[in-house]
Amino acid sequence: MISFSVNHQHIDVDVDPSTPLLWVLRDNLGLTGTKYGCGMAQCGACTVHLNGEAIRSCVAHSMNVQRGPEGHGVTAEKCSTCHQDHNLAGAHMPPGAPNWGLPLPTTPMIWQGLTDGQICRAIKDPKQNKNRNLGQLVEHLTEDKLVAWGWNPGEGRDPIPMSRAEFAAKVKHWQAAGAPCPADN
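In this note's numbering, the protein residues as written are 93 to 277.
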């Protein structure tokens, strides 16, 4: 049982605490104005306000688990408590991949509203990519099992809309061309 307020009304809901807030709002409370978009907190269709802050409800835990200073949860609520090294069976179950975690709290995860050039520069910036040089960045993007999760995201989630091999080829072509970033318009 979790308890919280929605639209200034106290609510008690009997759900698995790992259920994303989006599905609690839609399936349990019938609040269908919040939409499922990408399932990866990038498109903004699932945005709601929590304690005055805009959050993406498709990835927000209904029990308000926080990412913690190292990106792996706080106190006893470590990511590995729910997220395993593989996807769990069933819709809306915690996704999984080896080393599941989030970036440090100082690293923004949302690229919505940024230009392709801004995203490119952020990816290449060692301050934002765990101090990776270009070769390490390409290896991370093409071989990391957590990145590969995007092509096998589990039941109820849409995979990346190109094959992993095609993505890897495009990343390596980008590297061979000197990793240029598009100009901002």
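Hints should not be assumed to be uniformly reliable.
[What the hints assert, rightly or not] Subject to a maximum C-alpha distance of 27 Å in a straight line, what follows is the list of computed BS3-like cross-link-like pairs (lysine-lysine):
1. 216 <-> 262
2. 216 <-> 237
3. 262 <-> 222
[Unchecked claim] If you anchor each label on the Cβ, the simulated ranges turn out as follows:
4. 96 <-> 226: 40 to 46 Å
5. 275 <-> 223: 22 to 28 Å
6. 210 <-> 270: 26 to 32 Å
7. 120 <-> 146: 19 to 25 Å
8. 270 <-> 129: 31 to 37 Å
9. 144 <-> 244: 31 to 37 Å
10. 270 <-> 247: 27 to 33 Å
11. 252 <-> 181: 16 to 22 Å
12. 248 <-> 136: 15 to 21 Å
13. 227 <-> 127: 18 to 24 Å
14. 275 <-> 98: 40 to 46 Å
15. 248 <-> 270: 36 to 42 Å
16. 235 <-> 272: 21 to 27 Å
Just so you know, the hints here were simulated from the structure itself, not pulled from any lab data.
Quantities reported herein were computed from a predicted structural model and do not represent experimental measurements.
Every residue gets a Cβ at the ideal spot worked out from N, C-alpha and C, and that includes glycine.
We went through each hint and held it up to the structure:
The straight-line distance between the Cα atoms of residue 216 and residue 262 is roughly 16 Å, inside the 27 Å bound, and the hint therefore holds. Simply put, residue 216 and residue 237 have alpha-carbon atoms about 20 Å apart, close enough for the 27 Å limit, and the pair holds. For a cut-off of 27 Å, the pair hint linking residue 262 to residue 222 stands: about 22 Å separates their Cα positions. For residue 96 and residue 226, the hinted distance range of 40 to 46 Å is satisfied, since their beta carbons lie about 44 Å from each other.
One distance hint, 22 to 28 Å for the beta-carbon pair residue 275 and residue 223, holds here, with the actual separation near 26 Å. For the hinted restraint 26 to 32 Å between residue 210 and residue 270, the CB-CB distance of approximately 18 Å leaves it violated. Between residue 120 and residue 146 the CB atoms are about 22 Å apart, so this pair conforms to the stated range of 19 to 25 Å. Here the CB-CB span from residue 270 to residue 129 is close to 33 Å, well matched to the stated 31 to 37 Å.
Between residue 144 and residue 244 the Cβ separation comes to about 36 Å, which falls inside the hinted range of 31 to 37 Å. For residue 270 paired with residue 247, a C-beta distance near 40 Å fails the hint of 27 to 33 Å. The supplied range of 16 to 22 Å is met by residue 252 and residue 181, whose beta-carbon atoms lie about 21 Å from each other. One distance hint, 15 to 21 Å for the beta-carbon pair residue 248 and residue 136, holds here, with the actual separation near 19 Å.
Our hint of 18 to 24 Å for residue 227 and residue 127 is violated, since their Cβ atoms are close to 39 Å apart. Under the hint 40 to 46 Å, the C-beta atoms of residue 275 and residue 98, about 44 Å apart, fit the expected range. The beta-carbon spacing between residue 248 and residue 270, approximately 39 Å, falls within the hinted interval of 36 to 42 Å. A C-beta distance of roughly 22 Å is found between residue 235 and residue 272, which places it inside the suggested range of 21 to 27 Å.
The earlier numbered hints that this structure contradicts are 6, 10 and 13.
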